[in-house]
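Student: Chain by chain, the residues run as shown.
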Amino acid sequence: MYRYDEFDHRFVAERTDEFRAQVVRRLNGSLTEDEFKPLRLMNGLYLQLHAYMLLVAIPYGTLSGRQMRMLAHIAETWDRGYGHFTTRQNIQYNWPKLKDVPDILDALASVEMHAIQTSGNCIRNTTSDPFSGVAPDEVEDPRITAEIIRQWSSLHPEFTFLGRKFKIAVTGSEEDRTALKLHDIGIQIVRQGGQVGYRVLVGGGMGRTPMIAKEVRAFLPKEDLLPYLEACLRVYNLHGRRDNKYKARIKILVHEMGLETYREEVEAEFARMDRDTIAVPDAEVARISGYFAPPELEPRDPGDYVRALRTDPAFARWAEQNTFAHRVPGHVAATISLKPLGGAPGDATAEQMRAMADLAETYSRDEMRVTHEQNVVLPHVALADLYKVFRGLQAAGLDAPNKGLVTDIIACPGLDYCALATARSIPVAQNIARRFEDPERQREIGPLPIKISGCINACGHHHVGAIGILGLDKAGVESYQITLGGDATETAALGDRTGPGFSYEDVPDVVEKIVDTYIAARETDETFLQTYRRVGMAPFKEALYAA
Amino acid sequence: MLLDETGEIAETWERVPDEADIPAEGAIIVPLARLEEAMGGRPASGVAIPNDADVRELVPLFPRIGLIAVDFPSFADGRGFSLGQRLRDLGFKAGLRAEGPVIADQFAYLLACGFDQVDVSEDVALRQPVEQWLAQLGKISLGYQRGRPTQSIPDQRRAYA
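Protein chains in written order, with our numbering: chain A, 322 to 868; chain B, 136 to 296.
By construction, these hints were calculated from the structure, which means they are not laboratory data.
Misleading hints may appear alongside valid ones.
What the hints assert, rightly or not - No more than 30 Å apart at the CA atoms, straight line, and that leaves these computed lysine-lysine pairs for DSS-like:
#1 K358/A / K274/B
#2 K274/B / K486/A
#3 K274/B / K418/A
#4 K795/A / K568/A
As the list claims (entries may be wrong) - Partner residues are not named here, just some residues of chain A that face chain B (Cβ under 7 Å, in silico):
#5 F328
#6 E356
#7 W473
#8 S475
#9 P478
#10 P602
#11 A604
#12 V606
To be verified - Listed next, with one range per pair, are the computed distances between beta-carbon atoms:
#13 R150/B / D603/A: 46 to 52 Å
#14 G273/B / L793/A: 45 to 51 Å
#15 I144/B / A607/A: 42 to 48 Å
#16 R593/A / P208/B: 45 to 51 Å
#17 G273/B / R593/A: 31 to 37 Å
#18 L793/A / A270/B: 46 to 52 Å
#19 P208/B / R341/A: 26 to 32 Å
#20 E327/A / A270/B: 19 to 25 Å
Ideal Cβ positions, reconstructed from N, Cα and C, are used throughout, including at glycine.
Modelling step: build the complete structure from the supplied sequences, incorporating the hints.
Tutor: Below, the structure is given as structure tokens:
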């Protein structure tokens, strides 16, 4: 894992001091509310429906036991004993008091964390693959690149007052677990003729105008990463729309300008700039890479793993569903589902955070990853230890064996917390999960990502849910629009609308009808998405709307 | 209030209103549309440009431009930051001024994007006197980017490695 040096420490400490002074200047009238707002947002502080909300960055989702314990401590000391892991691999606290925020930021800084640029019209937390350093098909650990981008994008003087927020994701694998094509810029590490470099995608995004990113550069030599990103951002900053915040994302610019023209502008800017001066020095790349050297895992005998599989069916079910093959034999990456029956997707209590920290420290080389599906991964677990991990998770109520299944639902906070929401999300997720409570039934249904957003801003990623659910307000009544066939992976697709929306109460029935239609239509081993792509919308429409 | 990184400075340029006659001599700032007119007999003119100007067209005129003043219509409209940087990348070496309701918290960013002066709106200057602007400069002493006036963390690391 990356560790701060004296410069990183100083930077974060100075940033916190600056924010403390900005709060004072807001209170003494030096800054107007309008001026203060973007400054507070760029420090992660939102004003929500009931209270302030603090969004803490977990760079590329990676954190240590010590950091997770601090998140638990913050939850207990300054919030209501829990936190919410978000689809951007961050954690949000829903009830901090404004006066406590600088102290929270100090506490975060003490464990090398911050809330810088988790909001605002700037470059946000760079996200990455939760199976970085684990996936067998990985070209290179994408967190090296993500950390380079994290540093470069921190208080970038040119890109701190952009037209709109800007999200970058990095993956090192062909199989995409980062929703790469739904980002303003998606970077895929690729190998071309023995050389490792980047494939760069641009203009993806969700929100009210969802778009799949397009390839702007098939191969970018590694040393050109930062100059090329500066060129991409500069063309966006100069030409992106400023007249309408809903048309201000880079996806709209690329769409309106045309990919070809955008590319030409970027290449011209790139050719003109002093690239050597902007590029990160080789020694710095090497220094950062050193922190992401793979842990020395020896192939290990599985020990009592096989016996436990036989004697404990609950463990067998969990191990089958929630583990991912590690490149080192005898190991797995284990997903801790934050989607227990009746829970709010992505929520964890302080006790649960400490339980995860304990397990990570003892069995996973002191490392965890937050996923954009709002779960937590223990990336380096020996099979020989897996049963102990499972028992620990069971004791903490973190043993839901549902990764990727119909109850592993992504949901934004929705009307229960959010000032923008037009409908509830969390209770909708809970009602669906209850309907599909039976683990055997979930297994029978197979992989089926459901994603729920409480408004068109799409924080719950509904456009790319195999079943997407969008909560709207129709004349004071919640109405839920359903989309089918969405996909956030390398085969990215936006979901198609089934037709008119449904009431809050009807959503579980609607989902069940969709699932039943799929089960009836599927051929052997077909997933929901495969069946949907083969049979199309018609049978689902029929099931939902024919009287 | 006109500032550079040392504090408040005296105005040495005269702004010529849109319709007014262009004086034969003196340091003047004219709107972009009147630049060639102003250039007539003077060695170096000042020009005020909107933040959506295509500054690539100005390159041939650079040797005869003494000041470019970039308009910031709102502090939240950050196009000017990229415009300043682009002007420097294009080789513009003379004075570069940001003008409009920019705030003290942006001073360091402006300097880092190639600006050397800020003409602060009156309303902002009333609330944020020169002391706040200068104080803001030392707030973040290091930057992660390279090739900018702020001390660069990657370069510092290399120096101390």
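Student: Work down the list of hints and note, for each, if the structure agrees.
Tutor: Hint check results:
Simply put, K358/A and K274/B have alpha-carbon atoms about 19 Å apart, close enough for the 30 Å limit, and the pair holds. Annotation: proposed proximity of K274/B to K486/A holds, straight-line Cα distance about 24 Å (limit 30 Å). Simply put, K274/B and K418/A have alpha-carbon atoms about 24 Å apart, close enough for the 30 Å limit, and the pair holds. About 24 Å separates the Cα atoms of K795/A and K568/A, which keeps this hinted pair within 30 Å; it holds.
Against a cut-off of 7 Å between C-beta atoms, the interface hint on F328/A holds, since the closest Cβ of chain B lies about 5 Å away. The beta carbon of E356/A is positioned within 7 Å of a beta carbon in chain B (closest approach about 5 Å), and the interface hint is therefore held. Because the closest C-beta pair between W473/A and chain B is about 6 Å apart, less than 7 Å, the hint holds. Annotation: interface hint on S475/A holds; nearest CB of chain B at approximately 5 Å, less than 7 Å.
Of the supplied interface hints, the one on P478/A holds, with its beta-carbon coming within about 4 Å of a beta-carbon of chain B, less than 7 Å. The interface hint given for P602/A holds, since its Cβ lies 6 Å from the closest Cβ of chain B, which is under the 7 Å cut-off. Below 7 Å, beta-carbon pairs count as interface contacts, and A604/A has one with chain B at about 6 Å; its hint therefore holds. Hint status for V606/A: violated, given a least beta-carbon distance of 10 Å to chain B, over 7 Å.
The hint said 46 to 52 Å for the Cβ distance between R150/B and D603/A, and at roughly 48 Å that hint holds. Remark: the range hint 45 to 51 Å for G273/B to L793/A is upheld by a beta-carbon distance near 49 Å. Between I144/B and A607/A, the C-beta spacing of about 44 Å keeps the proposed range 42 to 48 Å intact. Roughly 26 Å separates the CB atoms of R593/A and P208/B, a value that falls outside the hinted 45 to 51 Å.
For the hinted restraint 31 to 37 Å between G273/B and R593/A, the CB-CB distance of approximately 32 Å keeps it satisfied. Separation of L793/A from A270/B is about 47 Å and conforms to the stated range, judged on CB atoms against 46 to 52 Å. For P208/B and R341/A, the hinted distance range of 26 to 32 Å is satisfied, since their beta carbons lie about 30 Å from each other. Evaluation of the 19 to 25 Å hint for E327/A and A270/B yields a pass: the beta carbon distance comes to about 24 Å.
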